[in-house]
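A.B. asks: Those protein sequence lines, which keep their order, are chains A and B.
So the first sequence is numbered by UniProt numbering: it starts at 1 and just counts up by one.
So the second sequence is numbered by UniProt numbering: it starts at 1 and just counts up by one.
None of these hints come from the bench; they were simulated from the model.
Treat the hints with caution; some may be incorrect.
[As the list claims (entries may be wrong)] Sample of chain A residues at the chain B side, in silico, Cβ under 7 Å:
#1 Gln55
#2 Leu57
#3 Val60
#4 Leu61
#5 Gly68
#6 Arg69
#7 Met71
#8 Val73
#9 Tyr112
#10 His150
[Claimed, not checked] Derived list of chain B stretches under chain A, where covered just means 3 residues or more per stretch with a C-beta under 8 Å from a C-beta of chain A:
#11 346-357
#12 454-460
For glycine and all other residues, C-beta sits at the position ideal for the given N, C-alpha and C.
For reference, the chains in residue letters:
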Amino acid sequence: MAEVQVLNVAVLDNPSPFGNPFQFEVTFECMEDLPEDLEWKIIYVGSAESEEYDQTLDSVLVGPIPAGRHMFVFQADAPNTGLIPESDAVGVTVVLITCTYRGQEFIRIGYYVNNEYTDTELRENPPLKPDYGQLQRNILASNPRVTRFHINWEGCAEKMEDSENVDPAPNAMLSPSCTPGKAPPLGLVPDNSMNCL
Amino acid sequence: MKLLKPSWVNHNGKPIFSVDIHPDGTKFATGGQGEDSGKVVIWNMAPVLREEDERNENIPKLLCQMDNHLACVNCVRWSNNGLYLASGGDDKLVMVWKRAAFIGPSTVFGSSSKLANVEQWRCVMILRNHTGDVMDVAWSPHDVWLASCSVDNTIVIWNARKFPEIVMTLKGHTGLVKGLTWDPVGKYIASQADDRSLKVWRTMDWQLETNITKPFSECGGTTHVLRLSWSPDGQYLVSAHAMNNSGPTAQIIERDGWKTNMDFVGHRKAVTVVKFNPKIFKKKQKNGSTPKPSCPYCCCAVGSKDRSLSVWLTSLKRPLVVIHDLFDKSIMDITWTLNGLGLLVCSMDGTVAFLDFSQDELGDPLNEEEKNAIHQNIYGKSLAITMESQLSSTIIENPEMLKYQQERQGNQNPNEAQGIGPENQTPKLTNVLNGESLEDIRKNLLKKQVETRTADGRRRITPLCIAQLDTADFLPALFNSVPILPGSSASTQLTPQISSDSSTANSLGLRPSHDPTTTSPNKTAEDNKDSGTAAVNSIGMKSNLLLTSASKIEPMKALDSRFTERSKAMPGVTSVPLTIGITPLDRVKDSSSVKEPKGKDETSSDSEDKIMVKSIAKRKGEMEGAEVVEKRKKGRPRKDAKTMPFPQTPVEPSRLTTPIAVLKLPTPSIQKSFSTQVSTDGVTYLEVENEVSVVSGSRLSQLKWSREGREWDVLLPSRIIIAAGSSNVVAVACEDRTLSVFTACGRRLIPSIILPVPMSALHCSGHFVMALTASAMLSVWDVQKQTALVKNESLNPILSGTDATVSQSFLTQQGVAVVSLSNGKTYCFNSSLETWNLIADKQDSLVQCTDFRNCVSAQDALGSMGPLALTQGRNLSAGRLASRLSSTPHHLQQGMTLAFLEKQLSSALILLSASEYRHWLLIYARFLVNEGEMSKLFLFNRSEWGLELLTSKNNEKSTIKVVCMIPGYTFHIF
Numbered sequence: 001m002a003e004v005q006v007l008n009v010a011v012l013d014n015p016s017p018f019g020n021p022f023q024f025e026v027t028f029e030c031m032e033d034l035p036e037d038l039e040w041k042i043i044y045v046g047s048a049e050s051e052e053y054d055q056t057l058d059s060v061l062v063g064p065i066p067a068g069r070h071m072f073v074f075q076a077d078a079p080n081t082g083l084i085p086e087s088d089a090v091g092v093t094v095v096l097i098t099c100t101y102r103g104q105e106f107i108r109i110g111y112y113v114n115n116e117y118t119d120t121e122l123r124e125n126p127p128l129k130p131d132y133g134q135l136q137r138n139i140l141a142s143n144p145r146v147t148r149f150h151i152n153w154e155g156c157a158e159k160m161e162d163s164e165n166v167d168p169a170p171n172a173m174l175s176p177s178c179t180p181g182k183a184p185p186l187g188l189v190p191d192n193s194m195n196c197l
Numbered sequence: 001m002k003l004l005k006p007s008w009v010n011h012n013g014k015p016i017f018s019v020d021i022h023p024d025g026t027k028f029a030t031g032g033q034g035e036d037s038g039k040v041v042i043w044n045m046a047p048v049l050r051e052e053d054e055r056n057e058n059i060p061k062l063l064c065q066m067d068n069h070l071a072c073v074n075c076v077r078w079s080n081n082g083l084y085l086a087s088g089g090d091d092k093l094v095m096v097w098k099r100a101a102f103i104g105p106s107t108v109f110g111s112s113s114k115l116a117n118v119e120q121w122r123c124v125m126i127l128r129n130h131t132g133d134v135m136d137v138a139w140s141p142h143d144v145w146l147a148s149c150s151v152d153n154t155i156v157i158w159n160a161r162k163f164p165e166i167v168m169t170l171k172g173h174t175g176l177v178k179g180l181t182w183d184p185v186g187k188y189i190a191s192q193a194d195d196r197s198l199k200v201w202r203t204m205d206w207q208l209e210t211n212i213t214k215p216f217s218e219c220g221g222t223t224h225v226l227r228l229s230w231s232p233d234g235q236y237l238v239s240a241h242a243m244n245n246s247g248p249t250a251q252i253i254e255r256d257g258w259k260t261n262m263d264f265v266g267h268r269k270a271v272t273v274v275k276f277n278p279k280i281f282k283k284k285q286k287n288g289s290t291p292k293p294s295c296p297y298c299c300c301a302v303g304s305k306d307r308s309l310s311v312w313l314t315s316l317k318r319p320l321v322v323i324h325d326l327f328d329k330s331i332m333d334i335t336w337t338l339n340g341l342g343l344l345v346c347s348m349d350g351t352v353a354f355l356d357f358s359q360d361e362l363g364d365p366l367n368e369e370e371k372n373a374i375h376q377n378i379y380g381k382s383l384a385i386t387m388e389s390q391l392s393s394t395i396i397e398n399p400e401m402l403k404y405q406q407e408r409q410g411n412q413n414p415n416e417a418q419g420i421g422p423e424n425q426t427p428k429l430t431n432v433l434n435g436e437s438l439e440d441i442r443k444n445l446l447k448k449q450v451e452t453r454t455a456d457g458r459r460r461i462t463p464l465c466i467a468q469l470d471t472a473d474f475l476p477a478l479f480n481s482v483p484i485l486p487g488s489s490a491s492t493q494l495t496p497q498i499s500s501d502s503s504t505a506n507s508l509g510l511r512p513s514h515d516p517t518t519t520s521p522n523k524t525a526e527d528n529k530d531s532g533t534a535a536v537n538s539i540g541m542k543s544n545l546l547l548t549s550a551s552k553i554e555p556m557k558a559l560d561s562r563f564t565e566r567s568k569a570m571p572g573v574t575s576v577p578l579t580i581g582i583t584p585l586d587r588v589k590d591s592s593s594v595k596e597p598k599g600k601d602e603t604s605s606d607s608e609d610k611i612m613v614k615s616i617a618k619r620k621g622e623m624e625g626a627e628v629v630e631k632r633k634k635g636r637p638r639k640d641a642k643t644m645p646f647p648q649t650p651v652e653p654s655r656l657t658t659p660i661a662v663l664k665l666p667t668p669s670i671q672k673s674f675s676t677q678v679s680t681d682g683v684t685y686l687e688v689e690n691e692v693s694v695v696s697g698s699r700l701s702q703l704k705w706s707r708e709g710r711e712w713d714v715l716l717p718s719r720i721i722i723a724a725g726s727s728n729v730v731a732v733a734c735e736d737r738t739l740s741v742f743t744a745c746g747r748r749l750i751p752s753i754i755l756p757v758p759m760s761a762l763h764c765s766g767h768f769v770m771a772l773t774a775s776a777m778l779s780v781w782d783v784q785k786q787t788a789l790v791k792n793e794s795l796n797p798i799l800s801g802t803d804a805t806v807s808q809s810f811l812t813q814q815g816v817a818v819v820s821l822s823n824g825k826t827y828c829f830n831s832s833l834e835t836w837n838l839i840a841d842k843q844d845s846l847v848q849c850t851d852f853r854n855c856v857s858a859q860d861a862l863g864s865m866g867p868l869a870l871t872q873g874r875n876l877s878a879g880r881l882a883s884r885l886s887s888t889p890h891h892l893q894q895g896m897t898l899a900f901l902e903k904q905l906s907s908a909l910i911l912l913s914a915s916e917y918r919h920w921l922l923i924y925a926r927f928l929v930n931e932g933e934m935s936k937l938f939l940f941n942r943s944e945w946g947l948e949l950l951t952s953k954n955n956e957k958s959t960i961k962v963v964c965m966i967p968g969y970t971f972h973i974f
């Protein structure tokens, strides 16, 4: 069973200009003192078409965590506009918050994000090249999609042999190409499966 | 009877495998399959009970749901004190849940249903040991242990005061273990498994007491669960799926000799669950009629794979009610409300049903003191402590008592508002941080939170702790403590718990406080205490009266009458087709008129024995009647039922009063056939068949010995009364007053020993044979050396002057004879001193007041098993508990503990029980060290069988320098 339960995520500074940093206020509860830190990540899905355009906005360690209820604000810079396909800049996309413990992802929270121009003129006749300065980001805070995974809280991630048991979906959403310098944790993604069974 | 199917109690159509009503009656738990996990749900009881509450949207129906189990939940059970919920599932885990009162309602983040969890229940302990699905869990009386059984064929006994410590793993079943039930007296636990056996285990030494296979030999392993149940008076154990003449039954097993003569017949498919009503009932007194003593009886619900439910009163010949087609699939679990009038049933089809009976239908439930009087009468001890005199030295560790008080309080103020609203729930979180509101914190959280960089340059945020989970809630500490005892003075550590509980309960309206403005926890505790004492006082006054009336209770009677009905049961069930809401008034009338003359007998202040004789005569009459009926019914009853002599008075000697002058011990009656288990290995059996063959006018009896396929038999010229065996010898006593001794291979060791009088009890252990004759003379022989250890020693010294009788006797491995009396005293005979020595006394006040708990470590548990523990075992733990709450001055308690420990040491020594001597010596040593007791120092020398104690009388601390070493425990005293 999960040692850490996410009780709530509040989306702060929303809606906001596209260039503002993301702010999520996370409340979670922990059953016992956790010997290791939790790792939280914010992943911005640049294009619905391909995970190639996913970018990890930031990853942060959270700890130490004694038993109890805790909260923190996870702030991460806005996505690098250069990595977003121009055709996908405006419209609906997704931002993901994931949390891993000992390299195993146990929760994934997804929000729909609507990027649109505030100016009616621009909205009706959007420029070919997106004007990020005029874009407003609106996160559908009321409707998070939460996926929980059973992980092994006691020990470390299990061996890589388990990878074939993995639901491909979580992997599909995380592409190695968009996460420079974050290779090791991603290599362990397969262990997010329900390996405690 | 009213029947209700609350459709809102469901697991979204998924199967519900288990249901259990909370002891306070305000909520119930269900367990079963969730979406992709196991699911435990806690529901509010009020909407089930009252229609207006069901319609009131402000009253929540669902209180909490937990999807922490990784796979289907097979069983949910509340602890007797109501503080914990245990759940077991296919994920091989047992989880123990506790309510967290400090956190308000919350939703499950991201869940599509916006239903809030009104109560917060969190898993405080995960018990991992089973290697297969956990099928059933059960809390022992007083919540001392939690038992779980699994498809890994084992039963694990967990120490509920010290989770996750395992007390014992019971191995012996060779199939999936699917049901558990504790003896309400706490002496046994019974399990039923797919291996076509029902096993009863002793809690004293966790060894097998009996293995019952006969009624199950025809059974196929086709049921999901086999939930058996023990009657509240402890006299009967009723199994799930059994077969009788290829018809499915629920087998009734008598505590007395584990006889299997009766069963509940009528279901068309296997019985999955049996549940006794927690109450004992007596006939409803009609207004105007003169109150007359009537036979108390029990009530039992039986659920089956045939989707029907039957409810039986042991005073009635037919089921009280049979409900067919209640569900679409098999019934999985049954639970009664504490008042005994309501019943929740759940089914594999994912629905539950609630049955509501009236007192007219079931009868008047006995109150707790009457029930305890019955226990007191049958077992010589009550489950609750109700005697005023006991109060000073004993704690009320019985949750029944607590419930009783709650009920009382509830009755005093029944009009209290019933509504639960989220608004008047549990404290808010805002007061957690130095008076700063959560809103303030949130505003500045980003600025306030500490962010650092790790060595490799990564961001690290220290989260702000907004609610510290109080450690008591999370560590097993609370498990170590005693259940809530409002009447006890020293429950201060638990007081906040009680007050917070009662404050939340206030809003539930079921436990209204005495003073609504009470805010101080102490005051609440005091109030509780007062009412507790008051309640107990009144009990104390009544108890005498109750005892006399209870003494006339014949638990047999109730089932007897049903014995006649056995053959009729089948038509009975079918002739009550699809009836919902039958009123058995006529039948009640019938039985009352039948019992009337007997009632007069009883009131005529006859001696108890006389009454019993009369009633036996009556029984016999009934028996014969029964047989006639049975014969007509094509021999439906089991073969041996007819030949088995009906239990006669002397079977359980403890219930008999022995005349002081004559000193006559009861002798067992002669049975056509019987079998006993030899020693504790669980595989060796002795079977006796009397009058097996007739050779030219003389009748021979056969003794058969078997161990795992190997067997031998011998023929004896006279009928065998008692047989006993050890791993080395087998002894049998015959009707012609001879005693024959054989080796374990079946060779006769000595020619028949002629006894002056018939045998009362016979025991073998190692090469020793112990004989207790009807004239209360004891002999012990060493048949290998062919010497007498004890020669015709009279029990006169221990029996004279008391009206007690022998309740138990046994022989230790070392050949020491031990005799327990019904007054709670246990003696052994020391052959070198030629004296009777008192080794255990249940009334010993020293036992009640000792406190050496902190000197006992987990690994000591093994060493504490042996003959001494066998005679006093449970009492000790009770004493340990009591001591923690006693208000005795420390030095006095210390002295009592020392005296007690020394007594234990000498008792273990005289019993020649090396492991126990070692055990107590360790505790004694630790106690001396802990208490800094310098006046008694000791040194250890290895002697021939362990350790020898030397006591130094040196009192001068400064000159003492001793180093004591015990294997596994080293300490120094300077």
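A.B. asks: Hint by hint, say whether it matches the structure.
C.D. replies: Going through the hints against the structure:
| no. | hint | verdict |
| --- | --- | --- |
| 1 | Gln55 | violated (17 Å) |
| 2 | Leu57 | violated (12 Å) |
| 3 | Val60 | holds (4 Å) |
| 4 | Leu61 | holds (4 Å) |
| 5 | Gly68 | holds (5 Å) |
| 6 | Arg69 | holds (4 Å) |
| 7 | Met71 | holds (6 Å) |
| 8 | Val73 | holds (4 Å) |
| 9 | Tyr112 | violated (13 Å) |
| 10 | His150 | holds (6 Å) |
| 11 | 346-357 | violated (count 0) |
| 12 | 454-460 | holds (count 4) |
In this structure, the hints that do not hold are numbers 1, 2, 9 and 11, in rising order.
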